[in-house]
Every structure is written in C-alpha cells, then in structure tokens.
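Protein chains: 2
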Amino acid sequence: MNNITIRELAEKLKLSVGTVSKALKDSYEISEDTKRRVREMAIELNYIPNLYASSLKKRKSKTIAVVIPEVADSFFSLAINGIESVAEAKGYHVLIYLTHESFLREQNILHEFKSGRVDGILISVSGETTGSEHITGLLENNIPVVFFDRITDDAKTTKVITDDFNSGYLAAQHLIDNGCKKITYLSISKSLSICNRRMEGFEKALSDNNILPREEDILFCSNNETDNLKAIIDLLSSGYTPDGLIISVEKLIIPVYQACCTLQLNIPGDIKLIGFSNLAASFILNPSLTTITQPAFEMGKAAATLLFNAFEKSNFILANESIIIPSQLNVRDSSRAKI
Amino acid sequence: MNNITIRELAEKLKLSVGTVSKALKDSYEISEDTKRRVREMAIELNYIPNLYASSLKKRKSKTIAVVIPEVADSFFSLAINGIESVAEAKGYHVLIYLTHESFLREQNILHEFKSGRVDGILISVSGETTGSEHITGLLENNIPVVFFDRITDDAKTTKVITDDFNSGYLAAQHLIDNGCKKITYLSISKSLSICNRRMEGFEKALSDNNILPREEDILFCSNNETDNLKAIIDLLSSGYTPDGLIISVEKLIIPVYQACCTLQLNIPGDIKLIGFSNLAASFILNPSLTTITQPAFEMGKAAATLLFNAFEKSNFILANESIIIPSQLNVRDSSRAKI
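Each protein sequence line maps, in turn, to chains A and B. To convert, note that position 211 of the first sequence is 211 in the working numbering; the numbers rise steadily by one, no gaps. To convert, note that position 278 of the second sequence is 278 in the working numbering; the numbers rise steadily by one, no gaps.
For reference, chain A alone in the conformation it holds in the complex (with noise of 0.2 Å):
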C-alpha cells in the first residue's frame, strides 16, 4: 500500500486531484467535510505526500537571493554578474542582500527567508559569522544554500571557493622571491574562512623559507576605515617596519596607500604590496598593484549553476563538499624587485 499517488487517493475518493491537493494543504476553497474524508482516506491508504515535488511546486517566488557582506568590493560585484548571467537565463530574479560584516543582520535576513520569500540562497558570510545553526535551519526548510567565497567549514551544504590556501602561499612567496625578510599579513576577521587560509598559506611559506612566522606578523584591523588607516600608519612607523604586506581583502588596499604616502614610504622602495582583488583599476594605482585575482564572476555562477540543479534535479542533491576554482597572481609595479 506504499508509494500511493494523489491521483490513486482522488480516484478513491471519487473527487478531481486538484480537490485533493488543496483539501490536503488546508484550502479555505474546501468545505471542511470534504477535507475530513480526504484526511482520513489519506491515512487509510497511506498517502504519504511527495515533499520534494511540492517543494519544488512551491518553489514560484521565481527568486533567489545573495546574501553577501557589501557591494563596494569588486568581488561581490563581479561575482553577481557571474550570478545574474545564469538567474537571467532561468527568468529569475535576483535580490541581494548585505549584511555589511553583521552577524546579527545575517541572522535576521535569512530567518526571513524561512517563510519561502526565495526559492533559494547563494550566501557569503559576514566577517563576524562563526557557526551555521542559521543556515542549517533553512536547509532543513528544504530551502537550498549555496555558499560561495566566505564559508563556514561545518555548514552541510555545497561550497563554491577558491583556493586561497595556496593563494596566500604563493603571495608570501613572491614577495619572498622578489627580496622581502619581513612580511606583515593584514586580516579583517578571525573567524573569516577566506583571511585564515590565506593566512595559513602565508604562514607556511615563511616556514618553508626558513622564516620563523611570529604573532606580530599578522595584523587584525577591524570594520572601521579611520581606524584601519590609524592601525596601518602605526604598524609602518612602529620600530620593526615591515618591508612586505599581504593586503588579504580588499578593503585595506587603500587605507594602505594612504598609510605610505603619508610617512613618505615608496612603493615597492621601502616596502611592496600585492592584493586580494578584483579592482579593475589595479593596474592604473600609483604604483599599480601586484594582485591575486579570484575567479569572482566564475565563482557567481558556478555557485547559481549548482543552485539552479538543486531546483531542476528532482535527484540532486547539495553535496557537502567544495568545489575550488583557482585564482591567478598578477605581477604588477607594486611587488618588482627593481622598477
């Protein structure tokens, strides 16, 4: 008596599918004695209703939504573009949402979207995010997530990232190759999956440089322009002046000019710089910036591609994996040796 269809039940009752679909989800259309005998007709013949069809029936919003930290970042708008290429194709519709590095909006955002205001997510986290019980909430929803970029390592769903392990790895050793002893690595978060490998990249390859990694070479700044700058100025003119920085996001890439014009540092004289960014006027800087380039519009879509199987495959399911697109290192005048 398993597996009984809607359309076996409506035949038993003598009543049209479409009756019995909206007599079972409680339609105020049904009288309530026609919704008693389709209950109890249902419980007789063991109707159990096909939940990944009907969430898939639900899903009409016809929108999904990015939740990602701050559009001012040529990642995310890059990587939106990537996303929208694929959203456009499907005539969907895109809404982004920023939680502007807050815990606590990304918390209130995506409790919101349990009500099934979006059919599903593409999400990167703030730089304040440490656990994922408001992600796994929504998957349980059945209301697919895919993390793209900035993850939380135990969340249960497909992650779309790049490699920034090795990332950090081969910046560190670029500067290393190009006659840097003293590398400073700025960070904004210490919870932040994509600051900590990239970190850990770093820091791996001072050790494989015989370069003993200390805690003052790692440099925290914060969610504050005025204070960053301040923090930055303070680690330059400090009495052990690095002679290279790994600017991992960003945001400090500009607070870290400022910083060497104002203390009359030359770039890449006194100290060389290169980047985690996307900028498109990288190559246009004073002088232009040494980048590690991430694949944002590639990341954008392919995290929409895997969302978009999720909602087409009725037998697809978000693994709990990650799927890594590498980025490029762009040598430019900030890092040379000699210019």
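No wet-lab data here; the hints were simulated from the structure. Hints may contain errors.
Note that identical chains are pooled: a pair holds if it fits in a single copy or bridges any two copies.
[What the hints assert, rightly or not] Okay, derived cross-link-like pairs now, DSS-like style, lysine-lysine, Cα gap no bigger than 25 Å in a straight line:
(1) Lys156 to Lys338
(2) Lys190 to Lys114
(3) Lys25 to Lys35
(4) Lys190 to Lys156
(5) Lys251 to Lys230
(6) Lys35 to Lys22
(7) Lys181 to Lys204
(8) Lys313 to Lys35
(9) Lys25 to Lys182
(10) Lys190 to Lys230
(11) Lys90 to Lys114
(12) Lys190 to Lys251
(13) Lys62 to Lys313
(14) Lys114 to Lys62
(15) Lys313 to Lys90
Given the coordinates of chain A, work out where chain B should sit on it, guided by the hints.
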C-alpha cells in the same frame, strides 16, 4: 451617512472589528454567511474603506526596493549605504535590484512590485529609459516611488538629484582655466538625465568662453567595455585629438587611462582629465584623478528619508519636485596646468 467607520459598522452588526475587517477582505476564516451580512450592511450604510489607512496597514513587507543599473559603481554603493542607514533605523529591509542599464529589465522588475512585494521604491533609471509609464503605474497603485540621481522628467514624484548642469559647467570651466582648448565630453546615453544635464553645462561653459561647441565634441560610448576602449582610442588618435576630456560616468575612467597608456599620452601633459566619480581610489591613481564628487551617501539618505516620510505621515504627499544636493570639484593631478 457618509464616512461611517469600521467600528460603527461592527457595532451595527454586533460583530468585532476584527471579524468585520476579515469579512471585508474575504478571509477564509469567516463563514460565507457572515461575509454576506457584512457586505450587505456595508453597502446599506455606505461604508467606504479608508484606502490610505488600508494601504498603510498593508505596508507590512517592511521592505523597500532600490532599483539601480549596477553595483560596480562607487556612486551606487555609497548611495546604498545612505539608504540603508535610514532603513535600518526604521527596521526595514533593503532589496537591491539591478537593471544592468536595460529598460526591459527595469520594466519587469517594477511590474513585480504592483503585487505589493515591497512598501516603496527608490529608483535610478537605466541608460535606456526614456518615459515614466512603468513608474506612473506604481504611483497609481499607491506605491510610493522616489527617484535619486538618474530621473525621468515626466514622473510625478520627488526626485533627489545633484546639480548636474552646474557640475558640467564647472568641469569644463576648470579644464579651460587650465589651458584646454579642445575638450571632448564622454557620455554613455542620449536619454540619461544626468549625462544630458552635465552635457548642457559643458556646452554652456564652452559658449561662455567663446568656444563654439561642435557635434564631434561629444562621444557617446556604450555599455560594452571593449567597444568603449576602441572608441576612446579612435578619438585620441584621430586628427583632431582633444587636449581635455570630461568623463561623465565612472565606468569610462579606466578605459580612458588605458587608452592614454596605449597611445603613450601623458596625463596631464598631453591631455587633461576630469571624471564624475566617487571612486575612493581616485587619489591613488597614476596620476591622481580630478573629480566631480557627488554627495552619493547624502542623496541616498535623503531619498530614503522622503520615502519613509510618505509611509509614516498620512497627509504626506510625495510632491512633484526636485531636491538638489550639490556636488564638489576635487582638483588633483590629472587636470593640472603644470605639475
């Protein structure tokens, strides 16, 4: 008998206000019998629902939409911050919709709002938008819309803009003062309000300085990066090479620098530049870029404040007027007579 309140109607029917309200909304919680009684009495007593109050009550999405062409533009990312600073204090969500400069996308997005998905809309129109019919429809549905930056003149609502004519004039006068005689104005749209106002200011400045504006002094670029770079290279390598460029939108700044680099033109020696931009990196470009800086954050904040005023005050009507917040000239190296 006019203007009977729902309370009076309920008293007459010996029902609660809640029941009457639900009955008038055809709620499934209310029996058909009661609904019929309520409807009949409402007609008999000439009860006219307070549409505005009803609309205010309906403003439950606690969400406003921001419809903009793109996020990869510093003006819009700053304006979003201004908007969110107001919305957050009111406990509202901000949803960002991107048109990618397409009128069709803009129409589709706005059409969706008629269902009441959002409580109000802040919009900066696409480069293709010429009329306001798609916006008039929303206003008629009692969904408030406030324009910011890019407007359509015929839309009968409030527009928060900057002094584009004056800024165009100021930009041209600045280049003339620094020795330019052959200035070209770079635009991206023949219909966009901001590009046209700035262009009119530019032309007036030429006239006032006894320079005859010619048709060739305006270069219309497109939404395509490769085409734009080619068009700018063609312009700068033509027989009539300009000695000054007014870059009226941010996205043309990088191709201009790139073209100058390709053609080995010295900025500001061979050609002087001024750009309309809020790019934080302006001062670290090579050379640093003279800009007309718009009050992006303030414009977003003002537009959002007006929208919330319309939500909150029953007698507040969004007037058909323009609120102007002035822009500012920031002189840097790209336009200097001698450096």
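Worksheet entry | Ascending list of hint numbers which this structure does not respect | 1, 2, 8, 9
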